[in-house]
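Trainee: Residue numbers (our numbering), protein chains in the order written: chain A, 4 to 410; chain B, 33 to 259; chain C, 187 to 754.
Take the hints with a grain of salt, since some may be wrong.
With a straight-line cut-off of 20 Å between C-alpha atoms, the simulated EDC-like cross-links for lysine to aspartate or glutamate are [what the hints assert, rightly or not]: (1) A:K401 with C:D636; (2) B:K193 with B:E238; (3) B:K193 with B:D143; (4) C:K584 with C:D636; (5) B:K193 with B:D45; (6) B:K206 with B:E238; (7) B:K206 with B:E235; (8) A:K96 with C:D438; (9) A:K401 with C:D438; (10) A:K145 with A:D157; (11) A:K96 with C:E231; (12) A:K149 with A:E132; (13) A:K34 with A:E132; (14) A:K100 with C:D438; (15) B:K193 with B:D106.
Hints were generated in silico from the structure; no laboratory data involved.
Source: prediction; values computed, not measured.
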Amino acid sequence: MTRLLAVTLGLLATLLLPVAAQETAPAGDSKWQDVLREARGQTVYFHAWGGEPRINAYIGWAAREVVRDFGVRVIHVKVSDTATVVSQVLAEKSVAKSSGGAVDLVWINGENFAAMKSQGLLAGPGWAETLPNWRHVDIENKPTVKVDFTVPTDGQESPWGMAKLVFMYDSARLDTPPASLEALLAHARDNPGRFSYPQPPNFYGTTFLKQILVDTVEDRDALSRPVDTARFADLSAPVFAYLDELHDLMWRQGNAFPKNAAHMRQLLADGALDIAFSFNPGDASGAIANGELPPSVRSFVLDGGTIGNTHFVAIPFNSSNTAGARVFANYLLSPEAQSRKQDPEFWGDPTVLNVAALPGREKALFEALDLGPATLTPEDLGPVLPEPHPSWVSALEKSWIARYGAN
Amino acid sequence: MNTPADASGLVLDKVRLHLNGAPLVEIDCRIAPGDILTIMGESGSGKSSLLDFIAGFLRRDFQAAGRVFLNGRDLTDRPAQDRHIGLMFQSPLLFPHMSVLQNLMFAIPADVRKRSARRDLAEQTLEDVGLAGFGSRDPATLSGGQQTRVALMRNLLSEPKALLLDEPFSSLDKARRADIRALVFDAARRKGLPVLLVTHDEEDAETTGGGMVHRLETCRGSAPSRP
Amino acid sequence: MTIRQKRIVDVPTLLVIALLGGPVLAGLAGTALPAFGYLPVLGHETVSLEPMRRLFETPGLAKSAALSFSTGLAASLASLAIVLVFTAGWSGTRTFRRLARFLSPLLSVPHAAAAIGLAFLIAPSGFLVRLASPWATGWTRPPDVLILNDPFGVAMTLGLVAKEVPFLFLMTLAALNRPHIHDTYRAGASLGYGRLATFFKLILPQIYPLIRLPMLAVIAYATSVVDVAEILGPATPSPLAPRLVGWMNDPDLSLRLMASAGALLQLAVTTAALLAYLGLERLTVRLLRSRLFSGHRHAHDTSGRLAGLFLMLAVILAMGLSLVLLGLWSLARSWWFPAALPQHLDVMRFADMAVMGAPALWATLALAVSAAGVATAVTLWLLEARDAAGRTTGARLKALVFLPLLLPQIGFLFGLQMLFLHAGLTGTFAAVLLAHLVFVLPYAVLALSDPWARLDPRYGKAAASLGASRARIFWRIRLPLLLRPVLVTFAVAAAVSVGQYLPTLMIGAGRIVTVTTESVALASGGSRQAAALYALLQLLIPLGGFVLAALVPALVHRNRAAMRLERG
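The whole structure should be built from the sequences, with the hints applied where relevant.
Mentor: And the structure:
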């Protein structure tokens, strides 16, 4: 019943929102009107990871909305690894291709953002904060919308969604999930072969390494600074001590790994694994709704908190369709798009907006959402641990590959 | 004596073929219109290469000297299409993807423009050889003798100025052979075409009706001694 | 003779050389220079051995190289062995003809689709385990056994075998398609030799020269494969080729130098595998020659024949089941272990996803049709011109045309990517088409030159003596007579184009998205339904091509008995 209500409201909102959006946009914002005019007729190549059909479907929906409302055509270029996009833009820059680049908008965060920013591969600073929907973004309670893995965004990327490391388990197979890394190790000891994590440098695998790092490091302040190569071995020693012990107890004795989070989730669905994890608190519910996980799957987090961050969209320096890209980025930030994104039926990715501060009708969109059986409430999600500086990523990955990835 | 260029008929003027430097065939003769020259020779004696040379298909690994004239026209450097020399092979080689009628129509020169005229001409030709009504048939459904007759008529429709016959009767049984042979030779004589017949069948040679016979080993005593 | 005949090289031969040699040589140069530190566009202007040094410092490099070498060579040898033993034991029998009919369509299954299907079959949570669970095995959860992505690359080797067997089989079939082969079988049998002995002592020596180049191409491909390795291969570490692609795509651009150096190493690994095979070949010849005249007739070879049949059946069954599983998974909404069949089918979502896949399918179709069209046309032009010039399509041309297939794709695609980038062509349809042609054209020449050569030249002579021009002979006689092989060539070329993963990925730069690049991306994702569906979409175009190649000639020549016989 609530679902039906939600759908009805959602539909109503879809019908009303274009009008509402026009109403609420500051009338005097002629600059934005210029952007809209310039954007009409442009084609935006949006490079975004394409391994998840639900997300692809969501992007497809958003693309249909903007072509209808703003005359901007969005083509989703499905990439398997965002690093390839960075590499492509960098290659274009290196041959002095300063306009007409292949990429107009990229789904990005963390080390890839840091790399693009430091190499000057992004469109000039500030554009993200001039988007009309920026005013809805929850800057106060979600500091990561302006600081990406400790790197300030400087308005060079526009927030799209919130991520927090969340674990999931099948309650039909496991009564109480382990609530700490120690408990996880103990669980693996009792149930060898039923835990694994995606193989670094996969983003999720690296996140798991970072979770261990944040959990075990003595000097947490060191993590917010660029990695000090002299101290790295010391600081990361507990991570690899933990992994040394864990690997023998893991799925395939650590000789093979899931390729990514989606693969790991699939292994959970098969019953090959007891535990999987995701960066999206709504992932489990969404996968249940889709028939990709059994309905008995539930989520949990670790005591003491888990790593969280924000993911963004950014415009490369050599895009020739920046106006269209901005219009699409702005649309992705709209309450309409953000509430649909948070709906586990479509994606289940938490919003970056400050829902409490939204006008009534738009707030209702979020309140009507049924977050699904396997989604933790904001209170149960626990504290967010900040990401370490991006330089830790490659340091961790390199050590990991040298130890486990190539033996 | 006339120069080869003045003579009518098919003139092979001091023709010599070599393969990889080794001499293969040597011949020098003239076939008058309506005459038949029979060339006898075992396989491997270069008969087919000689026909290829005259018709314009000689492979590149052969070297040739001498010239070919047809009714005074030097054919030696002309492409096969321009030589107006009809070829008949051991098998009738009707084009298997065409009907009998289409095979004949393919051969009619392009200056017969109207489609209906081409069709009438082809049908008339079929009637002439006793194959009326066979036009729409698949060539593969015809007997060997019928196929050879169609092949002959296909050749004649293209208005050749000479005929080269490469053992065209060898695939026929003895009874048919005489009929078809007569048909071919009569047609050639009627149209005044010089005919060069290559065979290793003595009977073919005997029935040409007093034509010349060249045995490749003995032709003008020029059989090359092979190294 | 005419001027045309005096010219040393004709236009289409030049065109083919340019189409194949240009990209390959330019690409190789573009790969070799960065490997020695020279890549001015990235500010590397001094020649050095630094990239090599960095390469050899990479952890696990030796193991990666060894994996590429061993899996590639083992898969190729196993494929050849299966094909030869089966052909030896059964050629000419009804069983042989029946199985041959199954194997030809399997050729059109792209590598990535075959690998995805095979994973569904043999994984610990796959169909085979499900069939036996839990009633026989007692497993209610997938066993923790290392089947896919095993460190020795066994799964990957099997995947390659399943894909290369149909290819080598069809090459062998084409080689056997010679008039006197049957007589040889009879002669062997009348002397009291068994089937296997007749084949290996009398027939193989005749047909082997025709199988050799395809076999070398298989080795080159298998030692440098990327998509199959990514789906079935080991990951700790991966074989060399997928690691190179990873480095090439790393945001740290200086890794490109190392990747280029790695591409040279890949070249060396592939060359080593080819040389190892040639060595084995010589050894085998010596061994066989000493036995050739031993007089042993091996008349009782039933067990050998059965082994060949069993292995071939296993390959066909595995591939067939894999395809069925692709179909099932593409429709399955939930299919929990250990259920042998899906609990829920969802046709709606299948349709949704199929609609979403449509743009990629169109792009694939456009590429496949263009590449196959150009390749078939150029091949026809080449063969016709060489004929007219009185040349035969000799071994030298074939070897030249085959050259791109004997090089690891990565070896020159890296360089080619940089060149296209320079020229601003990356991501354009034309650039991807050109890259496809490098791989499509050789197969087109390979597929068409034998049927072309086998066509009785006297048809052409007869037509010419009737006064038909060269063009008329080509359009009215040769092309219709060769309709079936020409369409088969077109279908083969289209299938090869559809199967191209690396060239599309590297030259397409994400702007040209085909069902193949999509399905490899999805194979690494979480939705088996989506991965299966895209793998099926990969099959659609090649299958359509082969169906057309079978139907059109049957329809056009429906009343022509002689045209119904197999022509090539």
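Trainee: With reference to the structure, classify each hint as holding or not holding.
Mentor: Cross-check of the supplied hints:
For the hint linking K401 of chain A to D636 of chain C, the alpha-carbon distance of about 53 Å lies beyond 20 Å, and the restraint is violated. Distance check on the hinted pair: K193 of chain B and E238 of chain B sit about 24 Å apart at the alpha-carbon level, beyond 20 Å; violated. For the hint pairing K193 of chain B with D143 of chain B, the CA-to-CA distance comes to about 17 Å; that is within 20 Å, so the pair holds. Straight-line distance between C-alpha atoms of K584 of chain C and D636 of chain C comes to about 11 Å, which keeps the hinted pair within the 20 Å bound.
Among the hinted pairs, K193 of chain B with D45 of chain B is consistent with the structure: their alpha-carbon atoms are about 18 Å apart, no more than 20 Å. At most 20 Å may separate the alpha-carbon atoms for a hinted pair to count; K206 of chain B and E238 of chain B meet this at roughly 15 Å. Between K206 of chain B and E235 of chain B the alpha-carbon distance is near 10 Å, which keeps this suggested pair within the 20 Å criterion. A threshold of 20 Å between alpha carbons decides the hint, and for K96 of chain A with D438 of chain C the separation of about 13 Å falls inside it, so the pair holds.
Distance check on the hinted pair: K401 of chain A and D438 of chain C sit about 13 Å apart at the alpha-carbon level, within 20 Å; holds. Of the pairs offered as hints, the one joining K145 of chain A and D157 of chain A holds, with about 16 Å between alpha carbons and a cut-off of 20 Å not exceeded. For the suggested pair K96 of chain A and E231 of chain C, the alpha carbons sit about 17 Å apart, so the restraint of at most 20 Å is met. Our distance criterion of 20 Å between C-alpha atoms is met by K149 of chain A and E132 of chain A, whose separation comes to about 10 Å.
Annotation: proposed proximity of K34 of chain A to E132 of chain A holds, straight-line Cα distance about 13 Å (limit 20 Å). Between the alpha carbons of K100 of chain A and D438 of chain C the distance comes to roughly 18 Å, so the proposed pair stays at or under 20 Å and holds. Proposed proximity of K193 of chain B and D106 of chain B is supported: the alpha carbons are some 13 Å apart, at most 20 Å.
Going through the hint list in order, the structure does not satisfy hints 1 and 2.
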